[in-house]
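Residue numbers (this note's numbering), protein chains in the order written: chain L, 22 to 375; chain W, 7 to 512.
Calculated from the structure, these hints are not laboratory results. Keep in mind the model is a prediction, meaning the values are calculated, not measured. In this text, a Cβ means the ideal position worked out from N, Cα and C, and glycines have one as well. Keep in mind that a hint or two might mislead.
Heads up, simulated BS3-like pairs for lysine-lysine below, C-alpha to C-alpha not over 27 angstroms straight-line [said to hold, decoys possible]:
(1) K30(L) - K402(W)
(2) K355(L) - K278(W)
(3) K234(W) - K278(W)
(4) K30(L) - K321(W)
A few chain L positions that, by computed beta-carbon distances, are all more than 12 angstroms from chain W [what the hints assert, rightly or not]:
(5) K60
(6) F229
(7) S238
(8) S240
(9) A243
(10) I250
(11) D352
If you want a taste of the chain W side facing chain L, the calculated C-beta under 7 angstroms gives, among others [said to hold, decoys possible]:
(12) I292
(13) G296
(14) D362
Each chain, written out:
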Amino acid sequence: MEGIKKLTKHQIFWPITALILVMLFNLFFTPGFFKLEVKDGHLFGSIIDIINRGSPLMLLSIGLTLVIATGGTDISVGSVIAISAAVAASLVGGQMIFVDGVQEYVTLVPMPLAILVTLVVAVLLGMWNGTLIAKLGIQPIIATMILMVAGRGIAQLITEGQIITIYYKPYFFFGGGYLLGLPFAIFIVGIVLLIIMLFIKKTAIGLFIQASGCNASASKYAGIHVDRIKLIVYTISGLCAGIAGVLISSNIKSADANNAGLFIELDAILAVAMGGNSMTGGKFSIPASIVGALVIQSITTTIYSIGVPPEITLVVKAIVVIIICLLQSEDFRKMFTTMSHLQRGNNIENKLTN
Amino acid sequence: MKSENTLLTMKNICKYFTGVKALVNVDFTLREGEIHALMGENGAGKSTLIKVLTGVEKLDEGEIHLLGQHVLPKSTHEAQSIGISTVYQEVNLCSNLSVAENIFIGREPMKFGRIDWKTMHKRARTALEKLNVDIDVSQTLDSYSVAIQQMVAIARAVDVDAKVLILDEPTSSLDEKEVEKLFEIMTKLKNEGIGIVFVTHFLDQVYAVCDRITVLRNGEFVGEYEIKDLPKVKLVAKMIGKDYEELNASIKGSDSQDDEAHSNKEVFLEAKQLGKKNEIEPYDVIVYKGEVLGLAGLLGSGRTEMAKLLFGAEKPDTGELCLEGSKKNIITPLQAIKNEIAYCPENRKIDGIIPDLSVRENIILALQSKRGWMKYIKRSEQEKIANDYIKLLSIKTSSAEKMVKELSGGNQQKVILARWLLTQPKLLILDEPTRGIDIGTKTEIQRLVIELANKGMSVIFISSELDEMLRTCSRMVVLRDRVKIAELTGDKLETNVIMNTIAGGN
């Protein structure tokens, strides 16, 4: 009993439980969900699909976990995806050129440079958010709403209102390629996760982020530059969104300023919340958020594979999310555990009335 | 003689929180028309006992009888309806509503389905008149002082036909005159036959108004005493389980060294015309090595503002600061920390602790920012530091990994002290370090301050309690209305002189 209690105290316990529940559901109700096939040396199947499609969401949840840990939020990540996808596509894009009937791979600028520029743009966008919030003291939801709304416009300007199709094949590797039989995107997520985890665990940044989110005023007195910490986390969030933008544009081989990453910020915030991170800041766990992102992607994939009519998929998703959130709510769980306590109190009461 | 009729009995009260015994077999009796002090250090179980009585917490074992009837309030509302009213430490009324509305909130007199304002105002006025308070009841509550707000809270509590009135630390935000007024009211209510439970940290007040005392320690019942049978010293001994005289003597012992002239001491800090508009007028101050300098003055006199400028928490707009002879520009706390200055802020909850972080993380925080984010202190080193300081300051916690918000106020304060001592400051600024802390810890902190000074650390000590300042400080700066008005040393360090200087008389 003690062991179980200790286990449930870990932040990651409940998101993993949720993931297992979704998987159990699939085990019984979705035929062939766990089937893995090997085609052309790559693995195929629903599980692989979840990992591949969930990669952008996982990336976003890494950055957002840090932002939310400082007590803020970033609702501009969807727009940052659109902008970086547009930048990447217009730099890589190019035209289809045939030489002797064979397609030549031509880019406007060399691909590494294009990606570098894209990520620099994403970092700048993150810094813009950070500056508004840390230096000018604008409320995070409002400050990032500016970029959320304006960002799609900026993306439109870059694509000149068109959907830019990418013809440069090597670029497709990021979002659609395979390494060691697994989607390459998951390796990118792994590398980003590793770097960020090293950054927060091997330096004092993790401690400073938690302290700032938990009590900004006390942190200032303890010598922490809370404004710099905020600038850093919004910049990281921007960078993560930029990488997600590259993955998405690579996966769909185009940049759609209107629809790339549309509403994904809501899923990302949900992923962080499902990871058991407090929306008011303080203690956080990035791995828990990653599991949260996987839960959301699993639900989405499950709903498609069991054939829920498209018009009600969102309702079904909402219901599942509510159930999982209730499971995670300490107050909700307490309602059961305090039953025994109540019983004790009631016994005394009964004695009283008799 | 007072009536001897028993009003309330609580017998064998037990309350457990998961794994912790908060109350074990506690007895409490209250007579009609008496003021009964409930005493104990932080964490002794006073608040839990009150919570059980007022229905905030459910008791696990025991019985409560009110006027011979077996009762078990399940909510504060129910407690009120059977005649048990509570006034809490922090006034919990709606400051944006009128005085009358506050008194009658939730039970407004109605007429034709609408609130009968006329009756409400009239009844509010009579309720307050009973307490000798004459104010305009249609004004919003926040237009009156905290003291008046407290009276309104009491008026509300008594107006619901209370038989038992619980006052939980009602005097902590009142000045001396207001306290006197409160005591008048308490005596008046007592004469009307109401039983009053009085919880306070101030011993003098207990002896000023109370009839009997119940002492709790560590959730256990220590005893119930008539006030005349229990001198102050014995009360303290009962509360902390130690001999107060002994504690006091150990502090006083070091006083003898204070007579040394300051002329042969080295200067650590010198501020010249340091000031900030609307915060504090430009001031000069010198802090010597190894002295305890007190900043005396009323709340809001500029004590805290003065300290904040020295720590860089506020940016000065005039003057300069010299540390050990060289001019420094300190405009952020981090710069102050790097220059070996530490500051324990006045408001522990808001500016001190990081509630959700562990004791360990709270302790190492300032040292970490002093070293910079790149040089992360190794986990094993952190644990060693934390455990060392937990031992050194005898912080009561089950482990260094416990969240600091789960500690009692006194222990939280020790954690903050540990945080700053760890940075090995040359100047330690303590702003109200003993507020809301039990006597045992208070004495420990005072003793620590003197020890540190003897080892050569400079300390700036700010406190509202003159006693405490006199005990620890060897020199005092007095402030009034955001201006530094005097510096007192030697035989001028005496209660009357200081009081007069603060008040502005001679």
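Hint check results:
1. K30(L) - K402(W): holds, 23 angstroms
2. K355(L) - K278(W): violated, 59 angstroms
3. K234(W) - K278(W): Distance of about 54 angstroms is beyond 27 angstroms: violated.
4. K30(L) - K321(W): Violated, because 43 angstroms separates the two Cα atoms, which is more than 27 angstroms.
5. K60: About 46 angstroms separates K60(L) from the closest Cβ of chain W, which puts it past 12 angstroms; holds.
6. F229: violated, 6 angstroms
7. S238: The assertion about S238(L) is violated, with a minimum of 5 angstroms to chain W.
8. S240: Violated, since 7 angstroms does not exceed 12 angstroms.
9. A243: The claim breaks: A243(L) does not keep its Cβ more than 12 angstroms from every Cβ of chain W (closest is about 5 angstroms).
10. I250: violated, 9 angstroms
11. D352: holds, 15 angstroms
12. I292: For I292(W), the interface hint is violated, since the closest Cβ of chain L sits about 24 angstroms away, which is over 7 angstroms.
13. G296: G296(W) check fails; min Cβ-Cβ to chain L is 25 angstroms, beyond 7 angstroms.
14. D362: Interface hint status for D362(W): holds (4 angstroms vs cutoff 7 angstroms).
Hints 2, 3, 4, 6, 7, 8, 9, 10, 12 and 13 from the list above are not met by this structure, while the remaining hints are.
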